[in-house]
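Undergrad: So the chains spell out like this:
2 protein chains.
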Amino acid sequence: MADSTTPVPKTCKVILAETIAKNLLAEVKESLDSMQSKGTQQPQLAAFLANDDPAAVKYAEWSKKTCEENGFKFDLRVVNKDLLEDEIMSANHDPAVDGIIVYYPIFPNNPTHDKYIQETVALSKDVEGLCHTHLQNMYYNVRFLDPRPPQKSLLPCTPLAIVKILEYLQIYNSILPYGNRLFGKTITVINRSEVNGRPLAALLANDGATVYSVDITGVQIFTRGQGIKQPRHQVLDKEGWRVEDCLPLSDVVIGGVPSDGYKVNTDLLRDGAVCINFSSFRNFDGPAVKEKASIYVPSVGKVTIAVLLRNLLRLIDNRQPNEAPKSES
Amino acid sequence: MADSTTPVPKTCKVILAETIAKNLLAEVKESLDSMQSKGTQQPQLAAFLANDDPAAVKYAEWSKKTCEENGFKFDLRVVNKDLLEDEIMSANHDPAVDGIIVYYPIFPNNPTHDKYIQETVALSKDVEGLCHTHLQNMYYNVRFLDPRPPQKSLLPCTPLAIVKILEYLQIYNSILPYGNRLFGKTITVINRSEVNGRPLAALLANDGATVYSVDITGVQIFTRGQGIKQPRHQVLDKEGWRVEDCLPLSDVVIGGVPSDGYKVNTDLLRDGAVCINFSSFRNFDGPAVKEKASIYVPSVGKVTIAVLLRNLLRLIDNRQPNEAPKSES
Numbered sequence: 001m002a003d004s005t006t007p008v009p010k011t012c013k014v015i016l017a018e019t020i021a022k023n024l025l026a027e028v029k030e031s032l033d034s035m036q037s038k039g040t041q042q043p044q045l046a047a048f049l050a051n052d053d054p055a056a057v058k059y060a061e062w063s064k065k066t067c068e069e070n071g072f073k074f075d076l077r078v079v080n081k082d083l084l085e086d087e088i089m090s091a092n093h094d095p096a097v098d099g100i101i102v103y104y105p106i107f108p109n110n111p112t113h114d115k116y117i118q119e120t121v122a123l124s125k126d127v128e129g130l131c132h133t134h135l136q137n138m139y140y141n142v143r144f145l146d147p148r149p150p151q152k153s154l155l156p157c158t159p160l161a162i163v164k165i166l167e168y169l170q171i172y173n174s175i176l177p178y179g180n181r182l183f184g185k186t187i188t189v190i191n192r193s194e195v196n197g198r199p200l201a202a203l204l205a206n207d208g209a210t211v212y213s214v215d216i217t218g219v220q221i222f223t224r225g226q227g228i229k230q231p232r233h234q235v236l237d238k239e240g241w242r243v244e245d246c247l248p249l250s251d252v253v254i255g256g257v258p259s260d261g262y263k264v265n266t267d268l269l270r271d272g273a274v275c276i277n278f279s280s281f282r283n284f285d286g287p288a289v290k291e292k293a294s295i296y297v298p299s300v301g302k303v304t305i306a307v308l309l310r311n312l313l314r315l316i317d318n319r320q321p322n323e324a325p326k327s328e329s
Numbered sequence: 001m002a003d004s005t006t007p008v009p010k011t012c013k014v015i016l017a018e019t020i021a022k023n024l025l026a027e028v029k030e031s032l033d034s035m036q037s038k039g040t041q042q043p044q045l046a047a048f049l050a051n052d053d054p055a056a057v058k059y060a061e062w063s064k065k066t067c068e069e070n071g072f073k074f075d076l077r078v079v080n081k082d083l084l085e086d087e088i089m090s091a092n093h094d095p096a097v098d099g100i101i102v103y104y105p106i107f108p109n110n111p112t113h114d115k116y117i118q119e120t121v122a123l124s125k126d127v128e129g130l131c132h133t134h135l136q137n138m139y140y141n142v143r144f145l146d147p148r149p150p151q152k153s154l155l156p157c158t159p160l161a162i163v164k165i166l167e168y169l170q171i172y173n174s175i176l177p178y179g180n181r182l183f184g185k186t187i188t189v190i191n192r193s194e195v196n197g198r199p200l201a202a203l204l205a206n207d208g209a210t211v212y213s214v215d216i217t218g219v220q221i222f223t224r225g226q227g228i229k230q231p232r233h234q235v236l237d238k239e240g241w242r243v244e245d246c247l248p249l250s251d252v253v254i255g256g257v258p259s260d261g262y263k264v265n266t267d268l269l270r271d272g273a274v275c276i277n278f279s280s281f282r283n284f285d286g287p288a289v290k291e292k293a294s295i296y297v298p299s300v301g302k303v304t305i306a307v308l309l310r311n312l313l314r315l316i317d318n319r320q321p322n323e324a325p326k327s328e329s
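Here the protein sequences line up with chains A and B, keeping their order. Quick note on my numbering: the first sequence kicks off at 1 and runs consecutively. Quick note on my numbering: the second sequence kicks off at 1 and runs consecutively.
Just so you know, not all the hints are guaranteed correct.
What the hints assert, rightly or not - With the Cβ distance kept under 7 angstroms, some of the chain B side facing chain A (calculated, not the full set):
#1 Thr-11
#2 Ile-175
#3 Gly-184
#4 Gly-227
#5 Lys-229
#6 Ser-294
Hints were generated in silico from the structure; no laboratory data involved. Glycine included, every Cβ here is placed at the ideal spot set by N, Cα and C.
Looking at chain A on its own, in the form it has when it is part of the complex (with noise of 0.2 angstroms):
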């Protein structure tokens, strides 16, 4: 062991959330360049707050501020929540509107109340996706919405957010075939949301890694089957398991526990697991994490509004070169 006055060499590689958006905004960009030079109108997000979540307000600056940098229209919507139903489906119908988002939760005690007003954005304006169809889609590794192909369905911000970032850190092996990239990797997702992490251990499941989602119920495993035999994941209980079995058996470690108080245990990481936060919270104590981990990523908020960004191209794209956005909802 170095003695308390040795500096201990750095081994950890923090990898900043910016630096990975970086890349995405550049691909963004040359994305809307090539779309305007085509007569595409300036892309316009509507951005629905209907709370006073901290986190909600600071997420909506910092996507206005992404917008205005990268050639959008951003156009924040403060509305009462009981009038916000009535807006959203007069945002479905105005053509100036080319994607509509909504900060949760509006209704912190009743959880299906968010789930309806998710429903009622327009399937062709939902930039978040998390309208039904393109849950769906996801949790059947779907990538097109039927009957329409080649219009392609929409993943959720923060999920898609982190298997960009998984990309970006060569999680994803690029010499595997596409669909099977996360194949051999083991990962734990602490959160099983139906935002965030319940579709996130969807998608990585999907692409072939073994996942162990975890939250206060208990843990349970996602996969596509010995050898990803199956063409989608499956899900079953680990009976009797609690995360402290998963931490030592992972390669990537994803904290999202919306809570100050919650860390994980580093003590359990394998050495050189790659660690990746996507709490408000920091689930990872810095030190110890980085006495442990390959690669930290603390935050990825950054990541998450660039893949927003690309997600409204993907909806105006899906609109060309047919028609005028319907509304579907």
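Knowing the structure of chain A, use the given hints to seat chain B on it.
TA: Quick look at chain B alone, frame taken from chain A:
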């Protein structure tokens, strides 16, 4: 389970040595062109065959073909084993010879005699990286010929070929700093010979991996310590461990057992493991390994020859721009 009439979908990618060798040979060709444009003569490899091992004869034939296809001169010298030492010393002093390769084993019942022959080859012509100085630098994770940087030390061909294969397969993660790119990976090497398995285990551990080195006498673990804080690997015996204990823990399994009867127990492989065979026999049962592995590399010989030519250019480069070759053995 699929029934016997349903073909099982392919999920294992088989990568042939030829594919990887092609990339390396293109780099070699580019370096050679650049060196020849500055006046370097056509490189000549002197190859000494003093046994009648069919694997050695085959390797010599392949080497000749690859040399000639890529602009190198290959001079096969079939010699009596009692005259070998004199012949090598004469080649050490011949300015027309740039590199020397000897096909082992020469004295199968006296391995120290083979070791003596390896040391007879001049360091400046040791294209196989088997001279003591080259080997010691490798074990000590020293990349230059001290005290003469920037002359680079050479690595033994088969271990280096496997490093190049692992780079191609993206097991080396280029996001991480050079020298730490295997941090987080667990690798089993089945073979601990002095020319192949032991140097390979050391090389991989020096690059950050946790390596289980297996032979019939037992299992050793090669690592740079927790958090890869040590500058080079250390070796510990894993008392009571067998290959069966290592396989389920390993991201990569490398077989080098020179026996037709030996097969890795594929039932114990981690789902999605990467499997590489460097034995001249098949250490993995083809159909069985393809049911479990994400990537399977059935042989490495063509990569080894490409690496041999790469080493030869490095020897020539090490002589530039200072002086003519010296014999240091």
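Undergrad: Please go over all the hints and tell whether each is borne out by the structure.
TA: Taking the hints in turn, this is what the structure says about them:
| no. | hint | result |
| --- | --- | --- |
| 1 | Thr-11 | holds, 5 angstroms |
| 2 | Ile-175 | holds, 6 angstroms |
| 3 | Gly-184 | holds, 3 angstroms |
| 4 | Gly-227 | holds, 5 angstroms |
| 5 | Lys-229 | holds, 6 angstroms |
| 6 | Ser-294 | holds, 4 angstroms |
Checked against the numbered hints above, the structure breaks none of them.
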